[in-house]
Amino acid sequence: MSSSAKSSAELVQSFDNTINFDAEQLKFVMFYIVLLLALLTVLLLYLGNGPIPIPATQVISSVLPFIPWPVDWQASAGDAAVIQTIRLPRALMALMVGAGLAVSGAAMQGLFRNPLADPGLLGVSGGAALAAVAWIVFGGSIAQVIPLLQHQYSLALFAFVGSAVASLSVFYIADRQGSSVAILLLTGIAINAITGALTGLIVYAADDSQLRSFTFWTMGSLANGSWENLRLTAPVILCTTIICPFFAKGLNALLLGEAEAQHLGFSPRQLKIQIIVLVSLSVGAAVAFCGMIGFVGLVVPHLVRLAIGPDHTKLLPACALLGGSLLLLADLLARSIVAPAELPIGLLTASLGGPFFLWLISRQVGRSLQ
Amino acid sequence: MSSLFSHKFSSIALLCLVFGATPSLAQERVISLNGSLTEIVYALKQESLLVGVDTTSQFPPEATELSSVGYQRALSAEGILSLQPTLILSTNHAGPETALQQINSLGVERITLQEQYSIESVIEKIQDVAEALQQDEAGQALAKQTLQDFKQVQARIPSDTAKPRVLFFLGTGNASPSVAGGNTAAAAMIELAGGDNPFGNQFEGYKAVNAESMIAAAPDVLFVSSRSFDSVGGLSGVLSLPGVAATPAGQNKRIYSVDTLLTLGFGPRTPLAIASLLEHLYPPEKTIAP
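Read top to bottom, the protein sequences are chains R and B. Under the numbering used here, residues 1 to 370 are what the first sequence spells out, in order. Under the numbering used here, residues 1 to 290 are what the second sequence spells out, in order.
Hints in this document: simulated from the structure, not taken from any laboratory. Please note: incorrect hints may appear among the correct ones.
Covered stretches of chain R (in silico footprint by chain B; criterion: 3 or more residues with CB under 8 Å from a CB of chain B, positions within the stretch not fixed) [stated by the list, open to error]:
1. 50 to 56
2. 77 to 87
3. 128 to 141
4. 194 to 208
5. 330 to 339
Derived list of chain B stretches under chain R, where covered just means 3 residues or more per stretch with a C-beta under 8 Å from a C-beta of chain R [what the hints assert, rightly or not]:
6. 61 to 70
7. 80 to 88
8. 98 to 107
9. 204 to 212
These numbers come from a predicted model, not from an experiment. Glycine residues also receive a C-beta, built at the ideal position from the N, C-alpha and C atoms.
Just chain B, same shape as in the assembly (with noise of 0.2 Å):
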């Protein structure tokens, strides 16, 4: 591969060398497709060797500056090749097929990981995107004090209260919200900061429901995702939403709005968005403190 655009990679040796910063052989030029990815990147200040991500990376702000490569899924494989990739960091929802079959023909290393909602998982990126990185140790470092910020949030919950029961609202289009159900980031997260989502095992995915079901799951907190929140006008339009007022979340109004990006990302801020998420569900004085 660094024969192919060798022309090119002495061009941008040589503006490093104009530039000042330290120039390195193995210079990589690293694309990453999916928003977990790119935030252990920057938590691994590897962040100078990025030149492109996909739509999902969001976080740091900076990234958004990077060129895009498009929605993971359709991706296209000369604009990918375009930016000289040496390395491509995926996940196993990039596609189409036949792109990352033509990236792989021209012999750009691609590593792909297994995304799941679990902390497990999130371990697992971090290691194997700082090996992909030569980082390991800066890795194992990273994945070290995740896995402790998680062991200490977890050690908040309460073990003697009653796990309150707690509904995510994704979206609130046509006055009927979409509520996480099973098999959801959102769900996964719900599990980990202590809740109990009633609607975990009625249906997968996010789904509409409507006011009589909201108020049969009878949630004791709602949390909405900030875009939502702020488009219906915040706690009070929240609480007009059908059968909203009704339930105990609405009657206490522990209604709150949430940052969708830190909370569904699986990333090595995870393990503070829920100690942002347990600080809603259990009152302070219920927590055990850190």
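Just chain R, same shape as in the assembly (with noise of 0.2 Å):
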């Protein structure tokens, strides 16, 4: 009898529990499908505006050719061009940068255990800024003297070498002293200043169109966004921004310290390799292509956690979907806002995302307060 009384008060308990998993369960789910539909709408919108104005039922019918459409669905040739060859590809660049900045910077977040952390403070972005502008600057000399390099992609390539080589420089260095996470930050922030200076010096050597040249790269754009350019970064940024998400538990148990996650059977040293490897790829790639496009790394992981929490398990996927649909509509007004000409994006996501980070630190000043 009283077996039985304890079994039926497990079942309850463990009923219970079912409810309150759902309950969890589904609020996540709910959330995901907000970020999905969110996604497709920011999508739709941005395939449907633009410089060139063209119907809605004329873009989705240029979108997805092979479904017979009826005929007055169907878009003249040069706005089927239009839709397919820029502003298709354009998106689809711009949706991957986004969420693979956005996973980068969440990731970088809960390696360094810090709210700050971007991947810039690998030296990621200076050094591509610095082989960037020395491509910028001596290009045309190296090109002579190595004719291979005569090519578009010379300065994507030297970008993402830049960003590589500054980025395990960061790790190799930091390593030898030991495996903190603080040493870590610290060789970056010196990283940081020597490519800095570098490109500084270099900056001072250049002359007036490749000094305006370097000022439109720094400030980012997604006009690079065609097939091409696609083809080159998506196994890249795709690849990593899916990985990384399987390191989401190592992430977690590192939120506790650095010895609990030992304890808890994740090697730190590795797990640290592993993220910087994925973060400099992806973002030396989208650094290279796009130039830098600030804040994205920064705010949507403190949106994300906001919302659903800090389990990276949860948090890296939705980054990756709102990353990318909020890249997409900064991109929208980037080319709509002064057309026919355009925004640089980096300026438009760094003061949207500036004024939005600042209220997200007073509330939390005002949280801590009470």
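Both chains come to you apart, so use the hints to assemble them.
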């Protein structure tokens, strides 16, 4: 009798657990559905709006040309080409880069256990900027010596290699001093100072048009979003963005502290290497083709954490969805506001992200005072 | 391309009819991506064809009222296409490459001209723009006139006197003015006007120069961009920059404000710009009368 009572109590308990579990789960599912709907909405807005006005029906028939649409839905050859060769690849580039930057930002914040961390701390953007300015200023002379480099992708290649060299040297130097995250942070700051100084030195040697090219490069642009460039960047950025969430449990353990993570069976050093390689590949490729796009990697993870908490298994995929949508929205504004010209997208993300971040900080301060 | 936006074209043709303009079947819609090319289009009196210009197109002032497609190195493919151009005039400075390729892939004709700081380059630009606009005759006339004006101005440079030493200040930020070195439009203009730029062989581009180097360079004449000249408060302001007062130019107050659009543009007005620099370099009694 007593055993049966106990088992029924257990049953009730476990039933309660399932209900709780389901309610929690439902919240996440709802959040993901909202994010997906937002992404789809922004994507449709993006494809349907721009300096060239194209009706929504014709946009849909151009994006999915293999479906037999009614005749009056079909776009003229020119309008269809605008959607297919300009807007669609650029939209995909924005989604991918936004997702990559946001996931990298979340992973960095997890790794450093610091809400202010972003991929820039590893020297990724500093190294890319140094290599980019070196190419912009000396590229002409370098290409004369090595004709193979006389190529439209040379700038991107240089920037990518620059970011990789900078981030790997940050890790290598920090790793020799022990695996502490604080050392990694300080090394990153030092490498950033060095790349900043060298960049300044080359900027000093630059002429007017080189200077303007570099200035625009640092403000970021998705104008490089073409099918050819997608083919080059997608393997790197998509793979890293998809792989990152597989390290979510390790990042969760690391939130407790390095020693605690070790006790839970995760090697902090190994995790660090894995995350740093993923982030520097992903952000390096993004910076190489799109220049510097700030604040996406910093703000998006905060936004998601506010909504669903710090669990990385749920945080990282949500960051990908929200980061992609936000960058898509920012680029929609960038190419529409001053049409037929366009605004550098880095200006938009920073000028919209900055005030939002301030609001976030003041909210945090208000909370901790209560 | 004409089939692309044909319905829009017919409405434009209709508008032309309504407003009594002469409608022509081959009505080009031209975008110019460089200030000097815009100037040439105006000099050829073909400005009615222009539908858009870049941000370097500041002369004539009416050009700034046209749609702006932004800075020539940060162009937007869709923005440019939204103006429905049939011809794009660009220089080797236009970019990014991806945007240009997308525009090309949609079949818009684009000509690319090499920009160099020489009178030959100006003549070449005039001829190429005229050819693209099917204004060969007007183009030949303008090219001939420009070359003739140029030769006339050059003939006024006295050959028996030493070349004056000339510096060009582009900006005056931080009290160390940025001075034109070699491979700049300003250096080329100084040379064309019969001057000698002491920094021409020492560095390229515009560099901040300190007081000591300024005195060591011993310029006889200083040209200052009109914006900087005005922002430091005119002649007295330039004289108060470190080192300037101790140079021959400062002592003799041979410091002149120059219009950068005119002087550094390398377009049809270049002979005029050389003439105005020449007046400051050589006293009138020394120049050979035109």
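Legend entry - Which numbered hints fail: 3
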